[in-house]
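K.L.:
Work out the full structure, taking the sequences as your base and the hints as a guide.
So the sequence lines, in the order shown, correspond to chains A and B. Mapping of the first sequence onto the working numbering: residues 2 to 328, in sequence order. Mapping of the second sequence onto the working numbering: residues 4 to 271, in sequence order.
Just so you know, these hints were derived from the structure itself, not from any lab. On a predicted model such as this, the values are computed, not experimentally measured, just so you know. Glycine included, each C-beta is placed from N, C-alpha and C at the ideal position. Some clues are possibly wrong.
[Said to hold, decoys possible] Distance condition first, Cα-Cα at most 27 Å in a straight line; then the derived DSS-like pairs of lysine-lysine: (1) B/K6 with A/K98; (2) B/K264 with A/K233; (3) A/K98 with B/K264.
[As the list claims (entries may be wrong)] One-sided excerpt, in silico: chain B residues whose CB lies under 7 Å from chain A: (4) K6; (5) P7; (6) S10; (7) L14; (8) N18; (9) N93; (10) A95; (11) Y96; (12) L98; (13) C99; (14) R100; (15) P101; (16) S102.
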Amino acid sequence: MEVITLNGISKSFLVAKRPSGIKHAVKSLFHREYTTVEALRDISFSIAPGEIVGYIGPNGAGKSTTIKIMSGILVPDSGTCTIHGYTPWLERVPYVKNIGVVFGQRSQLWWDVPVMDSFELLRDIYNIPQAEYRDNLTLLVDTLDLGSIIHTPVRQLSLGQRMRCEIAASLLHSPSILFLDEPTIGLDAVSKIAVRHFIKTINKEKGVTVILTTHDMNDIEALADRILLIGKGTLLYDGSVQGLRGQFGTRRTITAEYRENSNPLDIPGASLLSWTPDRAILSVDTEQILISDAITRLSSQVELLDVTIDTQPIEDIIVQMYKEYEL
Amino acid sequence: MMKPYLSVFRLRISNGLQYRAAALAGVGTQFFFGFIFIMIFQAFYAHASEAPSMTLSQVITYTWLKQAFLALIVLWLRDNELFQLITSGNIAYELCRPSEIYGLWYAKLLAQRLSSALLRCFPILIVVAFLPEPYRLQLPPDIVSGLLFLATLLIGLLMIVALSMLIYISVFVTMSPAGSLLLFSIFGEFFAGLIIPVPLMPDWMQKIVYILPFHWTADFPFRVFTGNISKAEALTGILAQCLWLAALILFGKFTMDRALKRVVVQGG
Numbered sequence: 002m003e004v005i006t007l008n009g010i011s012k013s014f015l016v017a018k019r020p021s022g023i024k025h026a027v028k029s030l031f032h033r034e035y036t037t038v039e040a041l042r043d044i045s046f047s048i049a050p051g052e053i054v055g056y057i058g059p060n061g062a063g064k065s066t067t068i069k070i071m072s073g074i075l076v077p078d079s080g081t082c083t084i085h086g087y088t089p090w091l092e093r094v095p096y097v098k099n100i101g102v103v104f105g106q107r108s109q110l111w112w113d114v115p116v117m118d119s120f121e122l123l124r125d126i127y128n129i130p131q132a133e134y135r136d137n138l139t140l141l142v143d144t145l146d147l148g149s150i151i152h153t154p155v156r157q158l159s160l161g162q163r164m165r166c167e168i169a170a171s172l173l174h175s176p177s178i179l180f181l182d183e184p185t186i187g188l189d190a191v192s193k194i195a196v197r198h199f200i201k202t203i204n205k206e207k208g209v210t211v212i213l214t215t216h217d218m219n220d221i222e223a224l225a226d227r228i229l230l231i232g233k234g235t236l237l238y239d240g241s242v243q244g245l246r247g248q249f250g251t252r253r254t255i256t257a258e259y260r261e262n263s264n265p266l267d268i269p270g271a272s273l274l275s276w277t278p279d280r281a282i283l284s285v286d287t288e289q290i291l292i293s294d295a296i297t298r299l300s301s302q303v304e305l306l307d308v309t310i311d312t313q314p315i316e317d318i319i320v321q322m323y324k325e326y327e328l
Numbered sequence: 004m005m006k007p008y009l010s011v012f013r014l015r016i017s018n019g020l021q022y023r024a025a026a027l028a029g030v031g032t033q034f035f036f037g038f039i040f041i042m043i044f045q046a047f048y049a050h051a052s053e054a055p056s057m058t059l060s061q062v063i064t065y066t067w068l069k070q071a072f073l074a075l076i077v078l079w080l081r082d083n084e085l086f087q088l089i090t091s092g093n094i095a096y097e098l099c100r101p102s103e104i105y106g107l108w109y110a111k112l113l114a115q116r117l118s119s120a121l122l123r124c125f126p127i128l129i130v131v132a133f134l135p136e137p138y139r140l141q142l143p144p145d146i147v148s149g150l151l152f153l154a155t156l157l158i159g160l161l162m163i164v165a166l167s168m169l170i171y172i173s174v175f176v177t178m179s180p181a182g183s184l185l186l187f188s189i190f191g192e193f194f195a196g197l198i199i200p201v202p203l204m205p206d207w208m209q210k211i212v213y214i215l216p217f218h219w220t221a222d223f224p225f226r227v228f229t230g231n232i233s234k235a236e237a238l239t240g241i242l243a244q245c246l247w248l249a250a251l252i253l254f255g256k257f258t259m260d261r262a263l264k265r266v267v268v269q270g271g
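P.N.:
Below, the structure is given as structure tokens:
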């Protein structure tokens, strides 16, 4: 039983365009040229209840557009989208009670009043029963550590504090689906970890389905069981993080430190990323040479002092995929 | 059903009431301009060739009411948060709420005006009721006129909020509040009788003014207060106000629905 089903969703925008310069500025007074930007092309996927799905892609790939369509803000040009049995943009008001949305770059809290006032406003807007509101609030305050900031006006909060409040605000009405559009943007390491931990917790304890877009691959590795990769409006990959590694991440990085040796290293199937007389970084393609063979060869050429082997960070895999798909 | 709107209203009122310094400065400004307006009218009346259709004392009372209730009647009072909401795209959040945006914004704007007027009107009204003649505010001829004034001012306020909603809706199209705000505030202010009371305008201009809705928001209640408009006329006026109010709200909702259908929230 799928909770979210998108089928053939396409969306294009008209963008006014003109070359720079006074001449063209004057010209555009009389005649304006528009280009059509295809933000989404035939996007289809479905998501089961309780999944955490990472939605990734370069800037301008169409991530936020998809989130906006799924939250009923934008109307797609074609295609169908069924979430919880609703079509978001047609049945907006009854539908939105079931979802929580966090736009990392925007704010839903009232700037000049304490966070608590905004929460109480949301309680009334969503018509949340008092008992449910109290339980949710207690859970959110505890897990997001909001106790000390909840009575502070929003304008006096740091970005990390505000973001934690934003996330709490989106969950007060116990939505069963949570859309997070770059929830960790601009946060420091501690706040990021707090936010990730929290997302895991509500997913486990309340079974909330989470769709999250991010540019921070650590978010994805820490949270998502499944990733959707989108580029230039097209869905490129749909599967597990491990699957992505298996498909693209066949390279390992070997960092070797050794006694001074002026002879350059020569290992087939591995390329030298950097080299100094006492330190070398190699990129090894495991499809061409086994790691053990590479190290054997290495130790035969130099007097090894220390060796570390790193799997390719998922960022690199993504960059590699972008290159492969020419995004 | 009304709970979300009441909640927005309450929050905005309590938020607005915290700006004491702004209110104090406002009161000072209102007194200053009140005296200037009155002195200009005194000069006009001293040299009038024929008796105008409003007495000087009525005009003075009219001016003080205008200064005291400024926040309830001017179109240039704006909520920059709403403009930013539209132009920055934060409206995305409003669109994810299970409520009508028109109602939420209406409640917010209404509360902003009320909180702002509550802080300002009493100091001004108390002081001008005790000023020496001829600057003193003259109380309404009887209690019924006073009550009719309150009713007409209230409906006028509801109309002003409905009118100002149109400014916010226009920003969906123009993406900049400057133009609509300027147009609405200059024309609206003039046609509402805030520069000169409507009875002092030339006849041909009065004809235009009476076709437009603006004079119902300020000129009408103030003249009910001064007794320049009779109680019978006030009652038919209230009916006209209600009709205008209904029309403005329906038009606003209709245009907002249309604007929201084609809204594009860009970026991020």
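K.L.:
Take the hints in turn and mark each one as holding or not.
P.N.:
So, going through the hints one by one against the coordinates:
no.	hint	verdict
1	B/K6 with A/K98	holds (16 Å)
2	B/K264 with A/K233	holds (25 Å)
3	A/K98 with B/K264	holds (20 Å)
4	K6	holds (5 Å)
5	P7	holds (4 Å)
6	S10	holds (3 Å)
7	L14	holds (5 Å)
8	N18	holds (5 Å)
9	N93	holds (5 Å)
10	A95	holds (5 Å)
11	Y96	holds (4 Å)
12	L98	holds (5 Å)
13	C99	holds (5 Å)
14	R100	holds (5 Å)
15	P101	holds (5 Å)
16	S102	holds (6 Å)
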